[in-house]
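J.: Residue-level listing of the chains:
There are 2 protein chains.
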Amino acid sequence: MTTLTAKDNLPKDHPVYGLKTPREVRSLIRKGEWDFYTKGLAMGYTQANLVVLPEEDAFEFLVFCQRNSKPCPVIDVTDVGSPEPAYTAPGADLRTDLPRYRVFRNGEIVDEPTNITDYWRDDLVAFLLGCSLTFEGALLEAGVPIRTLEMGIGTCDFVTSVRCNPSGKFHGPMVMSMRPMTPAQAVRATQVTTRFSATHGAPMHIGDPSAIGIEDINDPTFGSAVEIKEGEVPVFWACGITPQTVALESKVEFMITHKPGHMFITDISDAEVALF
Amino acid sequence: MTTLTAKDNLPKDHPVYGLKTPREVRSLIRKGEWDFYTKGLAMGYTQANLVVLPEEDAFEFLVFCQRNSKPCPVIDVTDVGSPEPAYTAPGADLRTDLPRYRVFRNGEIVDEPTNITDYWRDDLVAFLLGCSLTFEGALLEAGVPIRTLEMGIGTCDFVTSVRCNPSGKFHGPMVMSMRPMTPAQAVRATQVTTRFSATHGAPMHIGDPSAIGIEDINDPTFGSAVEIKEGEVPVFWACGITPQTVALESKVEFMITHKPGHMFITDISDAEVALF
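Residue numbers (the numbering used here), protein chains in the order written: chain D, 1031 to 1306; chain P, 1031 to 1306.
Chain D on its own, in the form it takes in the complex:
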C-alpha cells in the first residue's frame, strides 16, 4: 500500500482529458468518474498535495511547514471545519474533489478511499501544498527533459537521509523527486524553478545520490525508476509526499492526505503561482 506504481491501464481516451477547466475536472472526480492520476489533467493549472489534520495538531504542522518550506510550501489553509479551499478554488470540496485519499491512523495507512465524506469532522483543517507538476511545464518550455513524461511514468521519488526540521510531534525524512538531465540543463532548471518557490522551488541536490542517503538510484521509494542517460546527472527536488513519510515516522494519530499522484487541482494557473 505504500508504493505508487505506474498504472499502465490509464484510460487515455477518457473524456476527462478533453476538459479544460479545473472546475470541470473536479466535478467529474466528485461524481466518482475518475480515480486515477491527475497528471495531464486541466493542463496549466496548479495541482496540490493535501494534508488534513485535527485542529489540535494544526499549529504544530503549520510550523513544520514554515520550517520546511521546500518540501511543504503552503498555498492554502481552510478555516477550521471547512472543506473549501477559499483562496485557491472557491466552491471546491476537499472531501470529494480528489481522485483518491489516504487515511493514516497512529502512523499506519488504514484506508485509501475515493472520498473522505465519512471521515470529515468539524475540527479538521485542510492544508494544500504546492506540487512540482507546476514547474514541469516551465522546465519543458526551457528545453529541460522530463524523463517520467517521456517514459509514461507517474513519478520517481526517494525517501532521503536529509532530515526535516522537527516541530512538536512532527518529524521525519525528506522525500525528493529526481529528474535526470545534463549539467547545463541542471543550471537552467535551477534558474527556472527558483521562481516556483510555492511549488518546491530550486533543487535540493545535484549529483551523487549517496550524498543524500540513496543507495540505489534505480530503486525509487515511490513510482518507477527512470533512465539516466550518458552525460546526465540526477537532480533532486523536495517533494510534497514528505508529510506522508512524516505521518508514518511520527505515528501521527489521525491524518488524511491525497494518495501520491492523485492531486487536488486548483483554479490557480501555473503562471500565477510563480513568484510574484
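Possibly wrong hints are sitting among the right ones.
Pairs involving identical chains hold if they fit within one copy or between any two copies, as the list cannot separate such chains.
As a list, the in silico SDA-like pairs of lysine to any residue whose alpha-carbon atoms are at most 20 angstroms apart [unchecked claim]: (1) K1199 / E1085; (2) K1199 / E1086; (3) K1050 / A1232; (4) K1199 / E1262; (5) K1100 / A1116; (6) K1061 / R1097; (7) K1100 / A1304; (8) K1100 / T1224; (9) K1259 / P1143; (10) K1199 / S1112; (11) K1199 / E1114; (12) K1199 / A1116; (13) K1069 / G1048; (14) K1100 / A1301; (15) K1050 / D1148.
These are computed hints drawn from the structure, not numbers from a lab.
Keep in mind that this is a model prediction, so the values were computed, not measured.
Starting from the known structure of chain D, fit chain P onto it as the hints suggest.
T.: Relative to chain D, chain P alone:
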C-alpha cells in the same frame, strides 16, 4: 504613541556602530545600553519584525501570515513557551534582545518597554517576520536610491486601503513602505526584490498613491515624509508593521510586537535570506 518619529538625537558615535556581529549587538541591547533604531546596526544581517501571541491565537495568526505572505513573511516561529528563535538566532532571547517593544491589550497600545521579561508566559509563541531593511542593501548595490537613508529618516510607511485576507479574529489594512525612484529604477527594484520573498518581495504598487487609498503622500502614518524628485514615482512594498494595525483594528486581547524601527537582528545574512 502610534507614530514613529525620526530621532534626531541618535547617538551616532555610540560604540554599537562598531560592532560587527548580531550577537554582539544583541548582547549590548540585552544589557539595556541601546534602545534606539536598529537601522545601520550589524550591517548585512537580516533584521526582523516581532509578533508574540498566546498559543490559543497562534494558529489563526500563522494562517493569517500564510494568507498575507507579502506583508507577513514568516522566517522563524518559536516553540510554545520558548523565547529562543532557534532557527535564525540560536541562543538569543526575544524577551530582552530588541531595543523596544509594544504591548497591545484589547486593541490598544498599553506599554512600550525595553524588555518583556515580566510579560512573558509559558503559553506564548513568538513569530519573526522578514523586514525590508534586508533588501535595501541590495537596492543600493543596484543603483536604486533609498531616500530615507539619504535624508536620515527611519521609515516612511502608510496604512493603505488594501485589505489583508482575514483569518479568524485577525483582520485589518495592509501597511506599505514607500520609496521614490525613476520608472527605470522601479523596474530594476522589482527584479532585485523579487528574490527577497522572505522580506516582503516585489512591490505591491507603483505610482498613483490614491489607488491604494493614500490621500497625502507627504503625510505618512509612520515615520517622516520623503522627497519625491522630478521624474520619480512612489513605489510601495508591503510592510511588517501590518500586524500592529491588525492588532488595533481586530482588538486583539494580548499581543506584543517590536516598536517600529526597533527590530530583532538575526544571525542570518541578507544573502542567505534571499530566495534559495
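J.: Which earlier hints can't be squared with this structure?
T.: Going through the list in order, the structure violates hints 3, 4, 6, 9 and 15 and respects the others.
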